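**Q** Protein chains in written order, with my numbering: chain A, 1 to 113; chain B, 114 to 225.
Worth flagging that the hints you see were computed from the coordinates, not collected in a lab. The model shown is predicted, which means the values in this text are computed figures rather than measured ones. Heads up, a few of these hints could be off.
Unchecked claim - DSBU-like mimics (lysine-lysine), calculated; alpha carbons at most 35 Å apart, straight line:
| hint | chain 1 | residue 1 | chain 2 | residue 2 |
| --- | --- | --- | --- | --- |
| 1 | A | Lys-69 | B | Lys-166 |
| 2 | B | Lys-166 | A | Lys-49 |
| 3 | B | Lys-126 | A | Lys-69 |
| 4 | B | Lys-184 | B | Lys-116 |
| 5 | B | Lys-126 | B | Lys-184 |
| 6 | B | Lys-170 | A | Lys-49 |
| 7 | B | Lys-116 | B | Lys-170 |
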Amino acid sequence: AQSVTQLDSQVPVFEEAPVELRCNYSSSVSVYLFWYVQYPNQGLQLLLKYLSGSTLVESINGFEAEFNKSQTSFHLRKPSVHISDTAEYFCAATRGAGNMLTFGGGTRLMVKP
Amino acid sequence: DVKVTQSSRYLVKRTGEKVFLECVQDMDHENMFWYRQDPGLGLRLIYFSYDVKMKEKGDIPEGYSVSREKKERFSLILESASTNQTSMYLCASSLAGIFTQYFGPGTRLTVL
Chain A
1 AQSVTQLDSQ
11 VPVFEEAPVE
21 LRCNYSSSVS
31 VYLFWYVQYP
41 NQGLQLLLKY
51 LSGSTLVESI
61 NGFEAEFNKS
71 QTSFHLRKPS
81 VHISDTAEYF
91 CAATRGAGNM
101 LTFGGGTRLM
111 VKP
Chain B
114 DVKVTQSSRY
124 LVKRTGEKVF
134 LECVQDMDHE
144 NMFWYRQDPG
154 LGLRLIYFSY
164 DVKMKEKGDI
174 PEGYSVSREK
184 KERFSLILES
194 ASTNQTSMYL
204 CASSLAGIFT
214 QYFGPGTRLT
224 VL
């Protein structure tokens, strides 16, 4: 069965510092991968996704993630974070047939001034 | 923009009560999902529906049932609420064959 592991439950970082949120998945079959963001008291919003093609995908607000098939990883990075990036981030992967996703446990990014 | 709405943001119920959580989407999506979100556990799928009157169990269906009588509406039912069902419940929808899911704002349910 597909599983998604987010290695850090919390990541504190100072404003304007770089950050990496780690995600590993278990499937040996082709997968599609997603990062969602949840701002305080809101639902989840899609941040970026990898379906095919270039292994580096970018979001409109400066985040990027790289699909690494050999390491079964899809880490999320941003070179310089802002206070407004404070949120919980969820990695998700497709789980074979059907339209379902498996989500990781979430990483709380806390950006400090 | 896709809009997924949930009937309540906060709900407080007593043990043993029957609880209905409603979800409506306005983009004619075939697929609808119910998840519960708990700290450290991420989102866990309770039930999934791919068409009207069709449903599939997710990873944690025990204690829950669902109803989908109209394409735009997907209801989660707790037949007899228990304290261990205190959680955040999130509804999502997607087009058939498309994996990107769109989420509602969530309902924080407290069972006393």
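**Q** Hints first: check each against the structure and report whether it holds.
**A** So, going through the hints one by one against the coordinates:
| no. | hint | verdict |
| --- | --- | --- |
| 1 | A:Lys-69 - B:Lys-166 | violated (38 Å) |
| 2 | B:Lys-166 - A:Lys-49 | holds (30 Å) |
| 3 | B:Lys-126 - A:Lys-69 | violated (46 Å) |
| 4 | B:Lys-184 - B:Lys-116 | holds (14 Å) |
| 5 | B:Lys-126 - B:Lys-184 | holds (28 Å) |
| 6 | B:Lys-170 - A:Lys-49 | holds (26 Å) |
| 7 | B:Lys-116 - B:Lys-170 | holds (24 Å) |
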